[in-house]
Amino acid sequence: MSAVAMWIVLGATSVLCFSIKLLGHLVPEPWLANDRLQRINALIPISLLSALVVAQGVVVKTHVVIDHRLAGLAVAVAALFAKAPFPVVVVAAAATSALVFHLH
Amino acid sequence: MSNLTRGTVRDSLSVAITVGTYGVAFGAASVAAGFSVVQSCLFSLLTFTGASQFAAVGVVASGGVAASAIAAATMLGTRNALYGIQMAPLLKVKGARRVFAAHITIDESTGVALSQAPRGVAAMREGFWITGTGVFIFWNIFTLLGALGAKALGNPASWGLDAAVPAAFLGLLWPRLQTNFLRGVAVTSMVFAMIVTPWLPAGLPIIATTLVAVVLGWRAR
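Going line by line, the protein sequences match chains C and E.
Just so you know, we're using our numbering here: the first sequence kicks off at 173 and counts up by one.
Just so you know, we're using our numbering here: the second sequence kicks off at 87 and counts up by one.
Same shape as in the complex, but just chain C:
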């Protein structure tokens, strides 16, 4: 991605995310109280975060690729099942992935 495009991502993301926050403080409640909208809105973070795990964990460009990152993710899952705090999950995944990366 070009340097300009990266500034655009930063600028547009910041403006839009703030506008959404402000919108919530300004609009009358009934506008966004639609049941279906609320249900879908509650699921969107789950779908997007799931897709981001896939895109970052097992994808290179447009291919599904199994590599050292998956070992890190497996450890992250184990840590989450063990109710480990967020920083432990991330560091354990990184350490495992780095280890597998260097062993190869």
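Incorrect hints may appear among the rest.
[Stated by the list, open to error] In silico lysine-lysine, DSBU-like type, Cα no more than 35 Å apart, as pairs:
no.: 1; chain 1: C; residue 1: K233; chain 2: C; residue 2: K255
no.: 2; chain 1: C; residue 1: K233; chain 2: E; residue 2: K237
no.: 3; chain 1: E; residue 1: K180; chain 2: C; residue 2: K255
[Unchecked claim] Chain C is nowhere near these chain E residues, computed Cβ spacing over 10 Å in every case:
no.: 4; residue: Q125
no.: 5; residue: K237
no.: 6; residue: L259
These are computed hints drawn from the structure, not numbers from a lab.
Glycine included, each C-beta is placed from N, C-alpha and C at the ideal position.
Could you slot chain E onto chain C? The hints should help.
Below, chain E without anything else, positioned relative to chain C:
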């Protein structure tokens, strides 16, 4: 300071410090995606909503176009509008204070405010302001530290940074998976993302998975 207030301050600060430290992961992910240290810090100052920030840099890291990155981040940010709707009648602020209140309307400030309900409206307000401001301060400090750290480390794969980012997403996802239905939504979304990956330009599969949310959220259950 009354006992009730002290409890609210304690709750607020413990959430603010804990969540603020996650900023390290964001700063590192942002630099690994190719953003500069300054840009990473601007993300945390100006966008200031964690999941959206991670999404924007995540899409960029996976080779997606700018529009995909912006769309993913914006869609993840829509829940903040729903929080604002709940917080506005509680805070009753105008002008610059309202603008700042909007900026710190995130998962944590809303969550702590709602959790203070048994202590009364004043405690709810206090919880919102202290948590929101606290997360803002710590999140930005730790973003800077993470960005500088990642800059010093060099090759992301060598330090496992390329696995730390999806692990961070998983860590953000995990607490949301409270019911079997929600776990089903997550698994369906992951499978869907993998299936469409070879057929769409990089970054677009992430946006496309919102279809899963729309389809599964369409009908009441």
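Checked hints:
| no. | hint | result |
| --- | --- | --- |
| 1 | C:K233 with C:K255 | 32 Å, holds |
| 2 | C:K233 with E:K237 | 23 Å, holds |
| 3 | E:K180 with C:K255 | 41 Å, violated |
| 4 | Q125 | 5 Å, violated |
| 5 | K237 | 16 Å, holds |
| 6 | L259 | 4 Å, violated |
Violated hints for the displayed structure, listed by number in ascending order: 3, 4 and 6.
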